[in-house]
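Participant: Read off the chains here:
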Amino acid sequence: MKAPPNSLTLPHPLPLDSGDALTDVTIAYETYGELAEDRNNAILLCHALTGDQFVASDHPVTGKSGWWERMVGSGKPIDTDKFHIICANVVGSCMGSTGPASNAPDGKPFAMRFPVITIRDMVRGLVGLLDQLNIERLHAVVGGSMGGMQALSLAANFPDRTARVLAIATTARHSAQNIAFHEVGRQAIMADPNWNDGDYYASGRTPDAGLAVARMAAHITYLSEAGLTDKFGRRLQDRDTKSFGFDADFQVESYLRYQGSGFTRRFDANSYLYITRAMDYFDLAEEHAKGGEEGLLADAFAETSSRFCLVSFDSDWLYPTAESRHVVHALNAAGAPVSFVELSAPFGHDSFLLEVPALDRVVKGFLND
Amino acid sequence: MTERPTKLRPDLAVILRHIEPGSRALDVGCGDGVLMEALRDQKQVDARGIEIDGACVERCVARGLSVVQGDADRDLGFYPDGAFDYAILSQTLQTAERPDRILGELLRVGRRAFVSFPNFAYWRMRWALMSKGRMPVTRHLPVTWYETQNIHHVTVRDFEALAADFDIAIQNRWFFTNERRIGGSGANWRAEYALFEVSR
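As they're listed, the protein sequences go chains A and B. Be aware that the first sequence starts at 1, since it is given in our numbering, and climbs by one per residue. Be aware that the second sequence starts at 1001, since it is given in our numbering, and climbs by one per residue.
Relax, there's no trap hidden among the hints.
Estimated spans, in silico, between C-beta atoms of each pair: (1) Asp1053(B) x Asn368(A): 15 to 25 Å; (2) Gly295(A) x His1152(B): 35 to 45 Å; (3) Arg1126(B) x Gly295(A): 52 to 62 Å.
Chain A stretches covered by chain B per the calculated footprint, using a threshold of three residues with CB under 8 Å from any CB of chain B: (4) 318-331; (5) 337-345; (6) 357-364.
With a cut-off of at most 20 Å between alpha-carbon atoms, the simulated EDC-like pairs for lysine to aspartate or glutamate come out as follows: (7) Lys1043(B) x Asp1085(B); (8) Lys1043(B) x Asp369(A); (9) Lys364(A) x Glu1037(B); (10) Lys82(A) x Asp369(A); (11) Lys364(A) x Asp79(A); (12) Lys364(A) x Asp1032(B); (13) Lys82(A) x Glu69(A); (14) Lys76(A) x Asp369(A); (15) Lys76(A) x Glu34(A).
No wet-lab data here; the hints were simulated from the structure. Nothing here was measured: the structure is a model prediction, and the numbers come from that model. Ideal Cβ placement from N, Cα and C applies to all residues, glycine included.
Only chain A is shown next, with the shape it has when bound in the complex (with noise of 0.2 Å):
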């Protein structure tokens, strides 16, 4: 896979919560504003399951606008005439980054011989890039969903990285629930013929099937029920009448067989697999456990120098308030200064991404106190 202009190789091989380490290890990254004299303005951005470092740039696959270009701008919450902002592509991911499709030091794909990693790890590639691009201290780490965990991550292992952690839709640890939908989405994956245990780059027949079934059902779990009422209801697409047959009669099974098929163009199927399991072992407390006791999430904070701002959406039920209150009162107990609001907004996990006016209003206050 050729390297993107704007990445880098981290010079020291990168230690994994597994016991394994990753060498030549490649950073995709794009930036947004000026670098100040100080080195003291820069806020990394933490891109989501799904997401890359095209924050508030077109993307190179699908022309499509920055996946949060609403947030992060010139005037905007996250502004780019003040800050620099620095968003990478996770490690594990597929968009420059070394993830399963990148070559092994074999010269083949890795696909299934990647080593698992865990949001950890990809907190280590992003604070190996920082190094790299000398920045001591952030002025915030902001992210939302897994970037909300990678910012609780940097946070709770890297306690002198970072002034501020901005951390939205989030949770510190990942519940049955979310690691039973994840499974569903791996299982849909694996069981594609193409799927072929990982081992199909060089076929050309990608397990597209899987993937978009995964994503599909994911889809579900980033909306309300009230927005995908709202938006679908039990409206025919395209018909007057039911088929009585399996065509995507209603809206919302056209809507998700678009997203699902979409979503196959562009992002590899392994990196699912590989990010969707390092978000399923993500328990902050457990990993700042000691001697074997069950982890007190309030220790991992022990060390912090941060200041922290959780925000939580009434209508997310992937990451309901309750997962970011539980963050609040451990950062409470480790005497951190902490801001929380619960915000009002109709499209469930989704929210964060969406037209959310009093998120804007958090956003900015937040990081230009």
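Dock chain B against chain A, hints included.
Facilitator: Okay, now just chain B, sitting in the frame of chain A:
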């Protein structure tokens, strides 16, 4: 240190004046953060807040304050013992589910607590109840009985009795009527609202 003139409500101004510079304070029911901001800017206080109203929390965050959306009845328990030099509960005691427990929690997380509340034995309230036989609606408590959040009507004497029952020491007391401080004599008649500084 020169203090800028503030437009703080009189009880908040008294609290601001009596808090040690550089201390740690938790403002429970901090509203839009006006006291926290003054504490931070004028006294370099490390101020944290709890507020139930999301729109207020939003304004606090925009002011650079650390405020958690939550309620005193439920969320105080997550702060460790003695985490703060001061816990502040202004005009909120009478809305709490269990004011006695809140008071106990304030003095668990804080060495000292400032508590202010409207005095339901203020003579205008007594007069309104006696003469009209209706629950009073005053300038200071403008909400009808069925809409009010004030579910525990408390008087100056009630609060003093509560403190005695729970071995809470009253360090200071201030009384206010018409947004002015008044003297302490006959306060249970004359005070529209009261502020107490208490400790264990």
